[in-house]
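Novice: One-letter residues, chain by chain:
Number of protein chains: 2
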Amino acid sequence: MAFGFELLKKDPHSRARVGVIYTPHGQIPTPVFAPVGTQATVKAVSPQELQELGTSLILANTYHLYLRPGPDAIADLGGLHSFMGWDGPIMTDSGGFQVFSLAHLRAVDMTGVTFRSHLDGSEHLFTPEKVIEIQEKLGADIILCLDECPEPLDYDYNVQALERTHHWAERCQAAHTRRDQALRPVSEAASGQALFGIVQGGAFADLRRKSAEFIASLDFPGYAIGGLSVGEPKELMHEMLEVTVPLLPEDKPRHLLGIGSPEDLFECVARGIDIFDCVLPTRIARNGALFIRTGRLNIRNARYANDAAPIEEGCDCYACRHFSRAYLRHLIMAKEILGLRVATLHNLHFMLNLMRKIREAILAGTFSALRKEFLANYEIVPHEARQRNRETWLKSLKR
Amino acid sequence: MAFGFELLKKDPHSRARVGVIYTPHGQIPTPVFAPVGTQATVKAVSPQELQELGTSLILANTYHLYLRPGPDAIADLGGLHSFMGWDGPIMTDSGGFQVFSLAHLRAVDMTGVTFRSHLDGSEHLFTPEKVIEIQEKLGADIILCLDECPEPLDYDYNVQALERTHHWAERCQAAHTRRDQALRPVSEAASGQALFGIVQGGAFADLRRKSAEFIASLDFPGYAIGGLSVGEPKELMHEMLEVTVPLLPEDKPRHLLGIGSPEDLFECVARGIDIFDCVLPTRIARNGALFIRTGRLNIRNARYANDAAPIEEGCDCYACRHFSRAYLRHLIMAKEILGLRVATLHNLHFMLNLMRKIREAILAGTFSALRKEFLANYEIVPHEARQRNRETWLKSLKR
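Protein sequences, first through last, are from chains A and B. All the letters of the first sequence, read from the start, carry residue numbers 1148 to 1546 under our numbering. All the letters of the second sequence, read from the start, carry residue numbers 1148 to 1546 under our numbering.
Bound-form chain A, shown alone (with noise of 0.2 Å):
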């Protein structure tokens, strides 16, 4: 099967919506939540237990794996999902947030960015040619165009790097081959891969309408929407999809990159989302916090030093099928790779139920009471950056 997409059912109180995504790897229900597999891996799991959790798609970085082995190596060995052993949907970024982020960035202009590793100090560019190139060669389902993520507040800045960001949008559309719209047999399907544009526009609801326009007249299969998970605070984050998303073709998926916790599937389905990734729910279980109904569980906390009890009742996550809070906390104090393990599938088994909930919700049409009864009972940790109010937040980015 080609790539394509299905819409099922729209909430009538809400951007909600319920559908389908083909691919030549398998179906992948909407809304979705993508483990993130940053090194074709994802962290403390395998292949099989994502399979066992209901994974429909995972996330991997271009970045990194250019890195580490190479895009030649994974061509090699038949991309990347024999390569890593799923054989379900993956999707790819460009590398464009890593780049901005992670890597020693030297420079920057319409041609592509110019960086260096953060492995070796190496130098290398990335153009929207190069980063298609790459991505063809890993072979992901679903891959993205080249986007520069700036810093959100910097109006002037943020209207030349859209510039960029769209030229670029262009450009790897044209040197994309990998088709990915028309029908074709099972065996050729499999090479079939679908390029999804990126909007960006910072902080500013006009860049944002201009981006969703300029990007959505492209005509991809699906838009992702980059640059809102900075540290921004959640309410302008929400204002930035209330702009963007009607923009956006209804029969196309929407994925916000990067996005998001429990809090943030609610809110963002139901401003009209489709597919998530995020690091956080892998990345807090290998630091012992772990998602339970009313917010974040610190397993590290002496007070479970002896509590027999699983870290949520009811729960039927491997994790609390087998071990109490007690066992989990020694594993996670002692430094236990298999504490690491057990956290790791709890929270991904959290947020993968967590989305089959939302999408059965929607289908049922009771998803606002659900987000309600949720976001009543759910204590949210606040981020850092988002604790401050928006005008400090403001304030404090200011160049």
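Please note that the accuracy of each hint is not assured.
If chains are identical, the list can't say which one is meant, so a pair holds when it fits in one copy or spans any two.
Below, computed lysine-lysine pairings styled on DSSO-like, alpha-carbon distance capped at 27 Å [claimed, not checked]:
| id | residue 1 | residue 2 |
| --- | --- | --- |
| 1 | 1284 | 1482 |
| 2 | 1482 | 1190 |
| 3 | 1381 | 1482 |
| 4 | 1381 | 1504 |
| 5 | 1381 | 1277 |
| 6 | 1399 | 1381 |
| 7 | 1277 | 1156 |
| 8 | 1381 | 1284 |
| 9 | 1157 | 1357 |
Derived by calculation from the structure, the hints in this document are not laboratory data.
Use these hints to put chain B onto chain A, whose structure you have.
Specialist: Same frame as chain A, now just chain B:
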């Protein structure tokens, strides 16, 4: 079922034998290799994976669990089996070896050993009674007497140490209240616990003989041989086994503490050993060293960067069924947890599978042939200390 040992078959050409140990948590076919779960987890693998690997016994470390999370915490949570979610047989060591190697030793006399924790520097005293009390709280199926594990080449010191080890053995036996031998209903039997004596004596045949005779005279349900995993030449270890084993009762299981490598399994089974435990397979796995039929494969070697083959053709472990050498190399180089997991699974599978073949060969009367064939094809990686010849080694260790 309470504790017991049944001898099923003796090899006519060596001291190798096949038997079965009965414990409250199931049967252990011998000879057996026990993976080490120092901190109540075999590093990187789950209880479910241990079971799938065919593990029939694991060893946990009293010293580590005493310090963290503490024997009372584990007892409150139902004992070690319940705590770590492993329902099969477990043995604990007495902590003696760790106190003499890991901790900061403060003093040793007939009373016991005073040491400082490697975690926080706190001072503790291990007496025979204390380590039995701790091990009773942990609740393993097989526990060990407190012993002193001295530098093996100082004769006078070994004479003194042996006096303490023997004195402590008697006190451990007297202190042990969780009975192990009488048959009882299954529900009660789950608290049954066998205490093994430990033979010491350093590198001296006369001391080893003396120790074996004395410890055997105490009539333990099983016997461990200690002090032979400290870097001495293999031939010396073999000599010590040859003088010790014939003095131990044939109808009781014999455990060689802290050994072994694949080649050790053959050499020491041939000398009458029934139980092995060793961190080697799991420890070297995390460093990328993998057991294969012909020796050790170092997956970090650049030659495997594009190698699509599994670690070993024909191996049916999870790693070999799903991943290429190239992918495993990538995971190990990128310090990914999945790399540690699958390398560990492979090495444990190798050891457990090898031991299964050894048992089958003894039963079939083909052990000598298997031993010869295995050792002819397997390139032994000499321990640094073993690369030196015996004289250099003797000299280097002399006080």
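Novice: Please list, smallest to largest, the hint numbers that this structure does not respect.
Specialist: Failing hints, ascending: 3, 5, 7, 8.
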